[in-house]
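*Asks:* Sequence:
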Amino acid sequence: MDKYGELQSRVNLLEYHQRLLLKMISDPNLELFRLVIENGISEQEVQTFQKLCEDMNKKMEEQKAEGFINFHPLFNEFLYSLPAKFDAKDVIEACLHQRLYEPLFKEFHKCL
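Going letter by letter, the sequence shown gives residues 0 to 111 in numbering that gives the first Met the number 0.
No lab work stands behind these hints: they were computed from the structure. Each residue gets a CB set at the ideal place from its N, CA and C atoms; glycine is no exception. Check the hints yourself; a few may be wrong.
[Claimed, not checked] Simulated restraints, written as ranges between beta carbons of each label pair: (1) Lys2 x Ala64: 50 to 56 Å; (2) Lys109 x Ser8: 36 to 42 Å; (3) Ile24 x Lys63: 36 to 42 Å; (4) Glu61 x Glu5: 16 to 22 Å; (5) Glu14 x Pro72: 15 to 21 Å; (6) Gly4 x Glu101: 37 to 43 Å; (7) Ser25 x Asp1: 23 to 29 Å; (8) Asp54 x Glu5: 27 to 33 Å; (9) Lys105 x Gly66: 42 to 48 Å; (10) Asp1 x Asp54: 33 to 39 Å; (11) Phe67 x Gly4: 44 to 50 Å; (12) Arg98 x Phe67: 22 to 28 Å; (13) His71 x Lys50: 35 to 41 Å.
[Unchecked claim] Cut-off 30 Å, straight-line C-alpha distance, at most; resulting in silico cross-link-like pairs (BS3-like, lysine-lysine): (14) Lys84 x Lys57; (15) Lys58 x Lys88; (16) Lys57 x Lys88; (17) Lys58 x Lys2; (18) Lys58 x Lys105; (19) Lys105 x Lys2; (20) Lys105 x Lys57; (21) Lys50 x Lys63; (22) Lys109 x Lys57; (23) Lys105 x Lys88; (24) Lys88 x Lys109; (25) Lys57 x Lys22; (26) Lys50 x Lys109; (27) Lys58 x Lys109; (28) Lys109 x Lys84; (29) Lys2 x Lys57; (30) Lys2 x Lys63; (31) Lys2 x Lys109; (32) Lys22 x Lys63; (33) Lys84 x Lys105; (34) Lys63 x Lys109; (35) Lys22 x Lys50; (36) Lys88 x Lys50; (37) Lys58 x Lys84.
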């Protein structure tokens, strides 16, 4: 990537983090946003994470409907798919605090 492309990428990241900070002003309990900013996570990485959560949530609902009560294999799949910049424990706690995908992260919290 050339210098201009690198600078543009950094500006985009700063603009994204600024939008998150503005949301946090009205709701300081947005823990996931805090993690995103602290770890320099991009908007694209967050979108990938949200897609992962949606997929995992669907899988868990399907597994519950089939009578599953142990979600360790799903948790392991989540860990394997989680973007490298995310710490699983911090993400799970932040999502629970922010009430994102609550049933999923309640189960994952038991696996920690």
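*Asks:* Compare the structure with each hint and give your call.
*Replies:* Consistency of the hints with the structure:
{"no.": "1", "hint": "Lys2 x Ala64: 50 to 56 Å", "in the structure": "53 Å, holds"}
{"no.": "2", "hint": "Lys109 x Ser8: 36 to 42 Å", "in the structure": "38 Å, holds"}
{"no.": "3", "hint": "Ile24 x Lys63: 36 to 42 Å", "in the structure": "37 Å, holds"}
{"no.": "4", "hint": "Glu61 x Glu5: 16 to 22 Å", "in the structure": "42 Å, violated"}
{"no.": "5", "hint": "Glu14 x Pro72: 15 to 21 Å", "in the structure": "39 Å, violated"}
{"no.": "6", "hint": "Gly4 x Glu101: 37 to 43 Å", "in the structure": "39 Å, holds"}
{"no.": "7", "hint": "Ser25 x Asp1: 23 to 29 Å", "in the structure": "38 Å, violated"}
{"no.": "8", "hint": "Asp54 x Glu5: 27 to 33 Å", "in the structure": "32 Å, holds"}
{"no.": "9", "hint": "Lys105 x Gly66: 42 to 48 Å", "in the structure": "18 Å, violated"}
{"no.": "10", "hint": "Asp1 x Asp54: 33 to 39 Å", "in the structure": "35 Å, holds"}
{"no.": "11", "hint": "Phe67 x Gly4: 44 to 50 Å", "in the structure": "46 Å, holds"}
{"no.": "12", "hint": "Arg98 x Phe67: 22 to 28 Å", "in the structure": "23 Å, holds"}
{"no.": "13", "hint": "His71 x Lys50: 35 to 41 Å", "in the structure": "22 Å, violated"}
{"no.": "14", "hint": "Lys84 x Lys57", "in the structure": "24 Å, holds"}
{"no.": "15", "hint": "Lys58 x Lys88", "in the structure": "20 Å, holds"}
{"no.": "16", "hint": "Lys57 x Lys88", "in the structure": "21 Å, holds"}
{"no.": "17", "hint": "Lys58 x Lys2", "in the structure": "42 Å, violated"}
{"no.": "18", "hint": "Lys58 x Lys105", "in the structure": "15 Å, holds"}
{"no.": "19", "hint": "Lys105 x Lys2", "in the structure": "44 Å, violated"}
{"no.": "20", "hint": "Lys105 x Lys57", "in the structure": "15 Å, holds"}
{"no.": "21", "hint": "Lys50 x Lys63", "in the structure": "20 Å, holds"}
{"no.": "22", "hint": "Lys109 x Lys57", "in the structure": "18 Å, holds"}
{"no.": "23", "hint": "Lys105 x Lys88", "in the structure": "12 Å, holds"}
{"no.": "24", "hint": "Lys88 x Lys109", "in the structure": "11 Å, holds"}
{"no.": "25", "hint": "Lys57 x Lys22", "in the structure": "28 Å, holds"}
{"no.": "26", "hint": "Lys50 x Lys109", "in the structure": "22 Å, holds"}
{"no.": "27", "hint": "Lys58 x Lys109", "in the structure": "17 Å, holds"}
{"no.": "28", "hint": "Lys109 x Lys84", "in the structure": "22 Å, holds"}
{"no.": "29", "hint": "Lys2 x Lys57", "in the structure": "41 Å, violated"}
{"no.": "30", "hint": "Lys2 x Lys63", "in the structure": "50 Å, violated"}
{"no.": "31", "hint": "Lys2 x Lys109", "in the structure": "45 Å, violated"}
{"no.": "32", "hint": "Lys22 x Lys63", "in the structure": "34 Å, violated"}
{"no.": "33", "hint": "Lys84 x Lys105", "in the structure": "22 Å, holds"}
{"no.": "34", "hint": "Lys63 x Lys109", "in the structure": "16 Å, holds"}
{"no.": "35", "hint": "Lys22 x Lys50", "in the structure": "21 Å, holds"}
{"no.": "36", "hint": "Lys88 x Lys50", "in the structure": "19 Å, holds"}
{"no.": "37", "hint": "Lys58 x Lys84", "in the structure": "24 Å, holds"}
In summary, the structure is inconsistent with hints 4, 5, 7, 9, 13, 17, 19, 29, 30, 31, 32 from the numbered list given earlier, while agreeing with the others.
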